[in-house]
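Read top to bottom, the protein sequences are chains A and B.
Per this note's numbering, the very first residue in the first sequence carries number 1; after that it's consecutive.
Per this note's numbering, the very first residue in the second sequence carries number 1; after that it's consecutive.
Among the hints, erroneous ones may be present.
Stated by the list, open to error - Okay, derived cross-link-like pairs now, DMTMM-like style, lysine to aspartate or glutamate, Cα gap no bigger than 20 Å in a straight line: (1) K94/B <-> E59/A; (2) K94/B <-> D101/A; (3) K11/A <-> E41/B; (4) K94/B <-> D54/A.
What the hints assert, rightly or not - With the Cβ distance kept under 7 Å, some of the chain B side facing chain A (calculated, not the full set): (5) A42; (6) P43; (7) F45; (8) F97; (9) G98; (10) A99; (11) G100.
Think of the hints as simulated: they come from the structure by calculation, not from any bench.
C-beta atoms are modelled at their ideal positions from N, C-alpha and C, and glycine is treated no differently.
So you can see what is in the structure, the chains are spelled out below.
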Amino acid sequence: DAEITQSPRHKITETGRQVTLACHQTWNHNNMFWYRQDLGHGLRLIHYSYGVQDTNKGEVSDGYSVSRSNTEDLPLTLESAASSQTSVYFCASSRSRDLTDTQYFGPGTRLTVL
Amino acid sequence: GQNIDQPTEMTATEGAIVQINCTYQTSGFNGLFWYQQHAGEAPTFLSYNVLDGLEEKGRFSSFLSRSKGYSYLLLKELQMKDSASYLCAVRDYKLSFGAGTTVTVRA
Chain A
1 DAEITQSPRH
11 KITETGRQVT
21 LACHQTWNHN
31 NMFWYRQDLG
41 HGLRLIHYSY
51 GVQDTNKGEV
61 SDGYSVSRSN
71 TEDLPLTLES
81 AASSQTSVYF
91 CASSRSRDLT
101 DTQYFGPGTR
111 LTVL
Chain B
1 GQNIDQPTEM
11 TATEGAIVQI
21 NCTYQTSGFN
31 GLFWYQQHAG
41 EAPTFLSYNV
51 LDGLEEKGRF
61 SSFLSRSKGY
71 SYLLLKELQM
81 KDSASYLCAV
91 RDYKLSFGAG
101 TTVTVRA
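All chains should be built: construct the whole structure from the sequences, respecting the hints.
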C-alpha cells in the first residue's frame, strides 16, 4: 500500500547540532509539507514544496531548511538546533495544487533538543 | 492571515452527541477541513466543506456557513474510540489549523 513515513520517530539532540528529519511518500504526490505541533498552537507550517526543485517558506521557517531532489522525499534540516525547536514534527503530502486536495499526514517525529 | 478558534476541551457520555464549533477569519477561503488526531498519532482526514450546508458521513457530520465564518463537526452515537483531538483547518492558498478540541468520551 502507498504510504508516508517519517524517520526517526524519536530523536534527542543537543543545542547547536544539525539535525535532519526524513519524510518519504510512495503516493507519487507532487505536494509535500512540514508542520510542527506544539501545545496550544496547533499545527504550524514550516516549509512546503509543490514539486521537484520547488521549496517555499511557511509561517515558522526560521532555523529550518528543506530540499526536494525527487518526488518521494522532503527532508527537513535544523541547521543549529535550539531548545525552542523541541516539538513534534509532521510531514504531509497531497496529490496536486488543487486547493481542494486533502493532505495526508505521516506518523510524526518527536524531537527533543537539550 | 488566519484566525481560527475552537474550544479547548469537551466531555460527553458514550452514546451521546457532541458538537464542536469552529469560527474563522481569513483573507481568502478555499475550503474547511476537519481532522481527527488520537494521542501520539498523526491527524487523519474526516471531512471537507467548501459550500454552505451540511455534509454527512456516517456518525460524523460537518456544517459550514461561509458568511458567518463558522463551521461545526457533529459526532453522533459517541463511542469510546472517538476520544481524540479534532482539528479545524481552513485553506486559502495554504492550510491553517486551529489549536484543536480534545474530546473525552466517558462510559
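Results for each hint:
| no. | hint | result |
| --- | --- | --- |
| 1 | K94/B <-> E59/A | holds, 10 Å |
| 2 | K94/B <-> D101/A | holds, 11 Å |
| 3 | K11/A <-> E41/B | holds, 16 Å |
| 4 | K94/B <-> D54/A | holds, 15 Å |
| 5 | A42 | holds, 4 Å |
| 6 | P43 | holds, 5 Å |
| 7 | F45 | holds, 5 Å |
| 8 | F97 | holds, 4 Å |
| 9 | G98 | holds, 6 Å |
| 10 | A99 | holds, 4 Å |
| 11 | G100 | holds, 6 Å |
In summary, the structure agrees with every hint in the numbered list given earlier.
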